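Following the hints, position chain B against chain A.
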Amino acid sequence: MERRSAQRRRVLALAAVTGFLFAGCAAIVEEFRAFGIGDQFVANYDSSRMAIQAIEADTLPDDDEYFAGRLAAAQILDTYDPYGDPEANRYINLLGQTLALASDRPVIFSGYRFMILDSDEINGLATPGGHIFVTRGLLRLAENEDEVAAILAHEISHVAYRHGAEAIMETRGRNLALRAEALNYRVAAVGLDSSAIGRATTVLEERVQSVVNRLLGDGYSQEAEVEADLGAIQILLKLGYDPHAMIRVLERLEESERLAGREKKGFHKTHPNPGRRIREINRRLTNYGGLTTVDTQIASRRYRSSLGNI
Amino acid sequence: MRTVLLVTLMLVALFVFAVDAGDPLFVQVRDTELRSGPGFLSPIQDRLGFGQELEYVAERSGWMQVMVTETGVTGWVHAAAAKENRATQMQLQGEQTARTVTSREVALAGRGFSENIEGEYGNQNRVDFSRVDELETRRVDPEEIVSFVTEASLREDFLKEAE
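So the protein lines, in turn, are chains A and B.
Take the first sequence: its letters are residues 2 to 311, numbered as in the numbering used here.
Take the second sequence: its letters are residues 31 to 193, numbered as in the numbering used here.
If you are wondering where the hints come from, they were derived from the structure by calculation, not from laboratory data.
Keep in mind that a hint or two might mislead.
Where chain B lies over chain A, by a calculated footprint (3+ residues, C-beta under 8 Å) [stated by the list, open to error]:
hint: 1; segment: 61-70
hint: 2; segment: 78-85
hint: 3; segment: 92-99
hint: 4; segment: 162-168
hint: 5; segment: 216-230
hint: 6; segment: 233-241
Calculated cross-link-like contacts (lysine to aspartate or glutamate; reagent style EDC-like; alpha-carbon spacing at most 20 Å) [stated by the list, open to error]:
hint: 7; chain 1: B; residue 1: LYS190; chain 2: B; residue 2: ASP171
hint: 8; chain 1: A; residue 1: LYS239; chain 2: B; residue 2: GLU63
hint: 9; chain 1: B; residue 1: LYS113; chain 2: B; residue 2: GLU85
hint: 10; chain 1: B; residue 1: LYS113; chain 2: B; residue 2: GLU135
hint: 11; chain 1: B; residue 1: LYS113; chain 2: B; residue 2: ASP53
hint: 12; chain 1: B; residue 1: LYS190; chain 2: B; residue 2: GLU63
hint: 13; chain 1: B; residue 1: LYS113; chain 2: B; residue 2: GLU100
hint: 14; chain 1: B; residue 1: LYS113; chain 2: B; residue 2: GLU181
hint: 15; chain 1: B; residue 1: LYS113; chain 2: A; residue 2: GLU228
hint: 16; chain 1: B; residue 1: LYS113; chain 2: B; residue 2: ASP50
hint: 17; chain 1: B; residue 1: LYS113; chain 2: B; residue 2: GLU83
hint: 18; chain 1: A; residue 1: LYS239; chain 2: B; residue 2: GLU186
hint: 19; chain 1: A; residue 1: LYS239; chain 2: B; residue 2: GLU193
hint: 20; chain 1: B; residue 1: LYS113; chain 2: B; residue 2: GLU63
hint: 21; chain 1: B; residue 1: LYS190; chain 2: A; residue 2: GLU228
hint: 22; chain 1: A; residue 1: LYS239; chain 2: A; residue 2: ASP296
hint: 23; chain 1: A; residue 1: LYS239; chain 2: B; residue 2: GLU181
hint: 24; chain 1: B; residue 1: LYS113; chain 2: B; residue 2: GLU89
hint: 25; chain 1: A; residue 1: LYS239; chain 2: A; residue 2: GLU228
hint: 26; chain 1: B; residue 1: LYS190; chain 2: B; residue 2: GLU89
hint: 27; chain 1: A; residue 1: LYS239; chain 2: B; residue 2: ASP187
hint: 28; chain 1: A; residue 1: LYS239; chain 2: B; residue 2: GLU174
hint: 29; chain 1: A; residue 1: LYS239; chain 2: A; residue 2: ASP105
hint: 30; chain 1: B; residue 1: LYS113; chain 2: B; residue 2: ASP76
None of the values given here were measured: they were computed from a predicted structure.
Built from N, CA and C at the ideal position, the CB exists for glycine as well.
Chain A with its partners taken away, still in its complex shape (with noise of 0.2 Å):
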């Protein structure tokens, strides 16, 4: 009896979690009809699984993360100028590539750049492609090797949780129409029409738009700070870093803010609420042991002769 009933159950569940997975399809058909786009889709509904899967796995495609990033980082350089000093851009991107490896995401479409801005201000911005920037104002709030590495893995961190990607999916409601549009493209390349590509055209300029609003703009939501940073602490640990250092630097930025009073401008606009973030990573490292493994003498010692006079 027992046995029966354990079975019904399995098979009551398996028809529930089919249907589940149906009915998902049907609804993004119906969204698709709702927006007036992706005739071709729905025309071909059972021959079109994969549109569908890569619209239902809610990421963009590597390559599209990443030029849409170029575009974006276009547009930062032309806000700010480099900062031009070769040896503090080389030591930036040899721990910064350092820790990306180390990151839940080291492989990326064109890998991890960095770059140092020539900015009094506070600001770090990270494309969906992996360009990174921090200004010289953001690099003076880190006092050794530790904390620097703790600024670039937040900012590494932002590009592995796909944070870029995710304001792109978010301009237009869940956007799926924008995905679709882009999906669409994808699938006119192939076949070669050329007539997409003003369109198209239309579709990479929405989405710049949305990153470069969320990184020079708003900045990205209190949660994906906080995810940013709990990942930068475990590349921290994995690498042997004091996870403290992130703490620190949070607290300098707490204090500036302090001192800059209410005018919220660069990075006091898009990383809100320090105080906030660092319970959060407290929290994180209540039962952290202290276990760092980084000779601090020869960390500092290259941490000064490149970033010492930043």
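Below, chain B alone, put in the same frame as chain A:
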């Protein structure tokens, strides 16, 4: 309740672990290295480019053992560097009949497409890519990373081969 969980897990597993030995894969990053072992420091056997065809052999904690279809050479790539190459029936814009396209084909077309679109967008908005291009040349050799890590006694586990 446990049964429901089990069935769900099995279904999820079906979707997630769908790659079998011999299944086609394609490189989905700009370029990557084929290494003799599952780690970032294992000797490089070959350099692979976007869209290159591979065959899946095995997987070990985030790394995939693959055979390069063109050369028959077997080695390891990071799992994020290659993706399953599925074939799907699709009706194409401007064509009356549906034909089979692979995800590799779509990705390849998308890439050329993205470059075209970038050019188009760049012209319309007078975007200057020279600084971005300079930034993208900033590569660091794995050897430099090793000496950076060991010199300051940082942990090296993440550089070791997966077990």
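Tested hints:
1. 61-70: holds (count 6)
2. 78-85: holds (count 3)
3. 92-99: Since three or more residues must qualify, the claim that chain B covers the segment 92-99 of chain A holds, with 5 doing so at under 8 Å.
4. 162-168: Violated - the segment 162-168 of chain A has 0 residues with a Cβ nearer than 8 Å to chain B, which falls short of three.
5. 216-230: violated (count 0)
6. 233-241: With 3 residues close enough to chain B, the hint holds.
7. B:LYS190 <-> B:ASP171: holds (16 Å)
8. A:LYS239 <-> B:GLU63: Since the Cα atoms of A:LYS239 and B:GLU63 sit roughly 24 Å apart, the hinted pair is violated (cutoff 20 Å).
9. B:LYS113 <-> B:GLU85: Holds: B:LYS113 and B:GLU85 sit about 11 Å apart, inside 20 Å.
10. B:LYS113 <-> B:GLU135: holds (12 Å)
11. B:LYS113 <-> B:ASP53: Holds, at about 10 Å.
12. B:LYS190 <-> B:GLU63: holds (16 Å)
13. B:LYS113 <-> B:GLU100: Status holds; Cα separation ~17 Å.
14. B:LYS113 <-> B:GLU181: Given pair B:LYS113, B:GLU181 is violated - Cα atoms ~36 Å apart, limit 20 Å.
15. B:LYS113 <-> A:GLU228: violated (26 Å)
16. B:LYS113 <-> B:ASP50: holds (13 Å)
17. B:LYS113 <-> B:GLU83: Judged against 20 Å, a Cα distance of about 10 Å means the pair holds.
18. A:LYS239 <-> B:GLU186: holds (9 Å)
19. A:LYS239 <-> B:GLU193: holds (17 Å)
20. B:LYS113 <-> B:GLU63: With a Cα-Cα distance of about 15 Å, the restraint between B:LYS113 and B:GLU63 holds, given a limit of 20 Å.
21. B:LYS190 <-> A:GLU228: With Cα atoms ~26 Å apart, B:LYS190 and A:GLU228 exceed 20 Å; violated.
22. A:LYS239 <-> A:ASP296: holds (15 Å)
23. A:LYS239 <-> B:GLU181: holds (16 Å)
24. B:LYS113 <-> B:GLU89: The given pair, whose Cα atoms are some 13 Å apart, holds under the 20 Å limit.
25. A:LYS239 <-> A:GLU228: holds (17 Å)
26. B:LYS190 <-> B:GLU89: With Cα atoms ~16 Å apart, B:LYS190 and B:GLU89 stay inside 20 Å; holds.
27. A:LYS239 <-> B:ASP187: It holds: about 8 Å lies between the C-alpha atoms, which stays within 20 Å.
28. A:LYS239 <-> B:GLU174: holds (19 Å)
29. A:LYS239 <-> A:ASP105: holds (11 Å)
30. B:LYS113 <-> B:ASP76: holds (18 Å)
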